[in-house]
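Colleague: Below are the chains, spelled out letter by letter.
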Amino acid sequence: MGQKVMEERKASKRCGGVLPFIIGFLATCVLGWAVLPGLFYVEVEQPFKFSHTIHVEGQGMDCESCHFFRDDGSYAGFPTNEGCAECHAVDPEEAMEAIAEAGIDANDYDAIMKAEIGAIEDNLASESDENKQAEREYIVKYLIQGKEVPWLNYQYQPDNVYFSHKAHEGLDIAELAEMKKELSSVVDSAVFEGEAPEQNCNLCHLKDIDKNDTPPAFQQNILSGYSKMTMKMWKCERCHALKGQPNACYTCHK
Amino acid sequence: MSVARRAFIQMSVGATVGILFTPTVWTALDDVSIWTQNWPWIPSLKYGEVKGVPTVSKMCESGCAVKVRTVAGEAFGTEGNMDNPLSGGGICPLCANGVQVMNSPTRIKAPMLNGKEISWDDANKLVSEKLAAAGSKVAVISGDQTGTVNEVFSGLLASQGSDAFYSMPSDMQAADKAWTGLMGGSGQIGYDMENADVVLLAGADALESWGPTVANMKAFANNENGKFIFAGPMQTRTASVTSKWVPVPAEGMAAFTLGITYYVLQAGKSVPAADFDQFKAMVISGYTPAKVEAATGVKADAMAEIAKQLLAADNPVVVPGGSVAANGAAFALNLLLGGAMKVLPEFGKAVETAMTRSEMLKQDILKGVSADVLMVYEANPFYALPEQVKGAFTVAFDSVETETTAAADLVLPTPHAYERADDLATPYGVASATYSLGVPVSKPTLNVMNAADFVLGLADLGFENFDEVLEAKVTAVGADMDELAEGAAYVLEESADVSGVTLAASVLGKAAVPVKGTGAVALAPYTLLNVGTANQATTPNAPCTISNNQLIGDNMVVMMASATAKKLGVGVGSKVKLSGGNGDCEALVQVFEGVLPGVVAAPLGMGHTVGDEFSKGKGDNVYKILTVSSEAAAGASTWAGSTVNVAKI
Amino acid sequence: MDSKLFPEGTQRCSLGQFSIWMAFLFAVFAWGFYGAVLVLYNGIGTTGLDNYFGFGAWITFDLAVIALGAGAFFTGLLKYILKIKQLEKIINLTVIVGFCCYAGAMLVLVLDVGQPTRAWFGYWHPNVHSMLTEVIFCITCYLTVLIIEFVPLILEQKQLNKIPFIHALAHNMHVNMALFAGIGAFLSTFHQGSLGGMYGVLIGRPFAFREGFFIWPWTFFLFVLSAVGSGPVFTVLVATLMEKLTGKKLVDFKTKALMGKIAGSMLCVYLFFKILDTWAWANGYLPSVGLTFDDMFHGFIYGKWLMFSEIILCGVVPAIMLVTPSIRNRPGLLYTAAILDCIGVSLNRYIFTVQTIAFPVMPFDSWQLYYPNWVEYATSIMIIAFGFIVISLSYRYLPVFPLETKLNYQSGK
Amino acid sequence: MQTKEFKIQWGMVIDIDKCTGCGACMVGCQVENNIAPMTKKDPYNYVQALTTDRDDAANKLKTLTWMNVYELTNGETFPNHETAYLPRPCMQCGNPACVPVCPVVATEKNEEGGIVSQIYPRCIGCRYCMAACPYHARYFNWFDPLWPEGMDKGLSPSTSVRPRGVVEKCSFCHSRYLDAKDKARQDGDDPMNLADGAYNTACADICPTKAITFGDLNNPEHKVHELAKSKNSYRLLEKLGLAPQVYYMSEREWVRELGDNNNADGGGHGAPSKSHG
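In the order they appear, the protein sequences are chains L, U, H and Y. Numbering (the numbering used here) for the first sequence: 1 to 254. Numbering (the numbering used here) for the second sequence: 1001 to 1649. Numbering (the numbering used here) for the third sequence: 2001 to 2413. Numbering (the numbering used here) for the fourth sequence: 3001 to 3277.
Hints were generated in silico from the structure; no laboratory data involved. Treat the hints with care, as some may be off.
To be verified - Here are the in silico distance ranges between beta carbons for each label pair:
#, chain 1, residue 1, chain 2, residue 2, range
1, Y, Asp-3189, U, Ala-1476, 42 to 50 Å
2, U, Trp-1026, H, Thr-2144, 15 to 23 Å
3, H, His-2174, L, Gln-155, 19 to 27 Å
4, L, His-240, H, Lys-2304, 48 to 56 Å
5, U, Val-1572, L, Phe-69, 54 to 62 Å
6, H, Leu-2369, U, Glu-1117, 47 to 55 Å
7, L, Arg-70, Y, Glu-3221, 54 to 62 Å
8, H, Asp-2294, L, Gly-244, 34 to 42 Å
9, L, His-240, H, Ile-2147, 25 to 33 Å
As the structure is a prediction and not an experimental result, all values here were calculated from the model. All C-beta atoms, glycine included, are put in the ideal place defined by N, C-alpha and C.
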């Protein structure tokens, strides 16, 4: 029977040995690099179109007017209705009454938006119809309902992570540029190109979001549910190590 | 074996190796490891600005000055209020759970008439009719000892021509009956435990349940060199930190105090009171240490020792707990010692027609209440005093379901303390008159109304709503609304006039004689805040703080010294039935040597039949077995001296 | 009916009879499975475990079966590496028993860890300082080895073996079996040890803590020795039980006696050190942390009798019986000794698991009682049922016992 | 495993002579750290509904009490009997028994300050660390956390909610430390040299008698630095060499006696005593 084995060995020689192996190898390599990674994400749109351009360039607001540090050093990431209402001066009660008068169910958003309620329309700030509609959406669905906007956070981190913006405030892009090689797997090297802005937001957040008009879709991982831009722990650790910062669990976990 | 199959195998092997050279597998594994952390049914947290909003909590009897912690406007926790002398940073275990109670499913969601939901307007009409019909046969029972809401209720009573304002039995009431009743004093008694050098807690479990507990504990903590002595039938939590525990039966507390007074008088102390000589004669003849020892079992030299310390002290104070007589005796002793007992003036009223606090404390609820219309405000008499309280038509104001709301005809939900404006005026026992204001922290989510607002809708007391009443009160107090709203308390360092105060010699002489029931063993009921009070059941997070000395499983635990257990023929874990008063209780026996032999100690506040799963059916209700005996001489009723029979089951 | 599947030249009971037996086993299994579902769906609170007893019946069961399963690696070691020919008569069985024990242990662990979906973190985020990491590594690897050792036996099934490829495969695997036996022996020795190490390193638990050699506390070595001192005779007991159930002779007594002798001698070595260790612990370590030997025991449930019956009655006694030829060679006595031996090692694992954490280290703390509830029993019994099922099937369809035909059908010739 | 030296050592000094065992610290701790009240029924789990109820707080062996108050007694009979109360947080040992045993590095003692971390999403729930800890400071989520309807809207932002099947323990309200450091940065102070009281735990905050003092044991400007050295201060089970960062103090000798086992020196195994939790 040992002899039988020998024959089989020969057989394998005859049909070219490693070729099938190589074919299989290359095939999956290509798949694994080019195709498969993309299949792990689905695109989810933001609640409505928020344009940074309009607010920054149009209204000349600066980042701090919405994104600022509180006195206790915590960071106010997304603005609250309270903040927005300073400009979008629609009086919720007035609007609600008007809606009631118009005989529309307060939860039937589309109807409300179609009805072009004066109390709302008169206070719209935008010019173009598209922007008007976006603003209308915000006011009808959230502001007058007293609901905060459920923004999708591109940098979403779970409850067990404690991220301190304050601690990272001092990071200087120009400085970091020196170690952009080491950081290449953590920070998109495009960030380091050109004149470095005084804020370092680009390091982790959407690059130049302040110049963005239509927020990009939120790419959600189908397994973990996290954002594609969510920084994985190893990235945090890499940068901490490079900057000589501690990597103990409790540095970032709660 | 065919070539095709072999080739296929080789290709698959190649494919497998290949995929391992791409990030796919590894990132996927990483995502999977994150997936194992995502449990859809585990609630996620809310983020935003974190604040501490000062207000008052009325869950414990004296009320706590607290800061409610909120995140993005949502209340989540309670902490102490450093700026308020009532707290100094600490709070009691009940108030610590305030937010959880506020969000509890046992909150009453809307006005209910005999179990059916009705509108506030209908409730208003209904009650107005009932009041009109009842005329002066209206009574109010209030569970709030310190709120101006009482003035509104008493204003309503006045407009009905009734004076039937009842408060739940409390040390404050006993003290007032002794001070303004027997001794003809005015104002309210307070104790400066923080600056006293010797503090004799004569029956006052001051560091656990008596009086302004948190303020007492703060005083205890700040009083570095003061010597605290606890006298009482059991080694309470208070006794575990005082430098000495003097075992004294509850009914013997007055005699014990007079026994000490004897030595103080012998030492030549006196006061310019009209009946001083009579008092002295009474004590010297009737309460010689020998007699007291015979009557109470407290060794004469023990009293001599305490007297010595009190006399040696610069600023001693005796803090009474229990019967009116015990309070009277202690006040007399304090006057003789001239120490850290304070007499605080009462703040001005907001509602002219309302009674003073002292007047509100006059009615004796233990003697029984019966009225055509009975209004119960955040009190639970149908749990603590089921025998005594009757109402043809009962209106219960409360924020959570209790035995009382269950028994009431009309239930009117009040906002939780953190959802309403409220105030807290000089809780009994604090060293100086103190006024704190509570502002609403959260918006009410249920169909509730502040009881005072409802009452103001029934009778014209010259106020639109309770906020106006509070403004008037603040003005009457002479405080600054804004400062109060920021959490600072208004403190008045004046003290009331004590000239013309007598020592109630004639009454005390008789009232101090120990009167004991006929049961086999004396009953020492005690209160632990985490277990609950007469009005407030234990809270969601508190049960795991309740020791096996109070509750095992669903069984109440009563404690007694091994000697007592031996005498009763019971041991650790034996199930017993305690019968006394007009009822009986079931309990497990725990041997605890910190109980006076011949006494069984039982925790109050358990055995609820209505409420959430944290209190309902847990333990048994000791109020059922308390005996109401009348202090004939003092013209008051007391639970002190209750006895029970213990039967093994 | 299924007679074509039987091993060469053997007879088996009727399929009907066999199905009834299987039905019974599956019924027991199903009961345990219900318990398992409750645990996985409701949480481990369903069991009798609590804050004082994070380890309990399950861990004890795991340690016991793993110790008893040690027959597999040790016999393998002796047969393939030390070339003790005699043992090939029972080696197959040792492999199957080993497989059942380890697979069973793994199943129980799935229930015992609170987050089974994260069990693989032991590989993904290993902590090299933890004895338990070592255990996770070795047990998983060794289970793989056992499977590899089990496979050829399955491939030798009469019908399968007719397929040339499978035949060849089986053959080749047999050729390399010595290698696997070697790896197995290594892995198994290690985790038997690290299981002991798990307790020995508990500096906060005076009952279990031991000094040691390099990173390994003495318990590390004691667990290895006690395992090899009991594993072989457990296999003997299984074989004997099978003989009783099937009414056939499966292994010649000579082999059994040899296994007994092996176990016996190892047991003697073990006990020598065990007694030494216990003495040193009681007189050296305990006093150093302000404790006495008596403090370690409490009432009946946690009484001294446990330790004494472990070391004397179920240790010294069987050891003597097994090393004394005159006793060892009497079947009845051999089996008695074997049973005592197995009880002894199980008892040892129980004491190290439960008594260790039952002892209240804080003076003001108190002894608490631990009762495993039905869920723990049921799931453990499920594992035993699983073992019975595997062994029954193997016996019926696989050539487990080389001597079976000789001992039963050709006797007299 | 190597014991690490820290510049900052967060520690507690608990004055047993001030503790009345009122339980405020335990409640405050549960609220701060999102520990769900224990409920018998789980309305969301039908399989649970089929079988026996979950344990409620009556079963002291299944509670989640990061801070737990024990009752001590001197074992004497009336009238010489005395009691005391001993709050027991995690000892944050300098040489922890629990850390080296964890197979998946879910717990470590590595961060400046010396707090022993516990990472819930990493924990596999093997409970080896519970077996290792002689203080019973580690707790296991026997069941899913369940807040009675509506109660889960008021959750604290400071601690992530744990699922069933993981181990948890007192973290010295560690996220308050991170908050304090942010506050310091905002105010331009040195986050690695916080003023006394800038970082305080929930239990220490809420304690009405201020029996719990918290701070940096290494920092002479923090009260605990002196207190920990006072003649009446001691640590639990020092003989085991776990080097806790929690100190106790009491003027009563019998209380200090109960802090460690002294039997070999013939002291009788502590006093007969009941455990509170």
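Colleague: State for each hint whether it applies.
Modeller: Going down the list of hints, with the structure as the test:
In this structure the hint that Asp-3189(Y) and Ala-1476(U) lie 42 to 50 Å apart at CB holds, the actual value being about 44 Å. The supplied range of 15 to 23 Å is met by Trp-1026(U) and Thr-2144(H), whose beta-carbon atoms lie about 22 Å from each other. Here the CB-CB span from His-2174(H) to Gln-155(L) is close to 58 Å, at odds with the stated 19 to 27 Å. The supplied range of 48 to 56 Å is met by His-240(L) and Lys-2304(H), whose beta-carbon atoms lie about 54 Å from each other.
Checked against the hint of 54 to 62 Å, the C-beta distance between Val-1572(U) and Phe-69(L) comes to roughly 59 Å, which is consistent with it. Evaluation of the 47 to 55 Å hint for Leu-2369(H) and Glu-1117(U) yields a pass: the beta carbon distance comes to about 50 Å. At roughly 27 Å, the beta-carbon separation of Arg-70(L) and Glu-3221(Y) lies outside the given 54 to 62 Å, and the hint is violated. The given range of 34 to 42 Å is broken by Asp-2294(H) and Gly-244(L), whose C-beta atoms sit roughly 54 Å from each other.
Separated by about 42 Å at the C-beta atoms, His-240(L) and Ile-2147(H) break the suggested range of 25 to 33 Å.
When the structure is compared with the earlier hints, violations turn up for hints 3, 7, 8, 9 and for no others.
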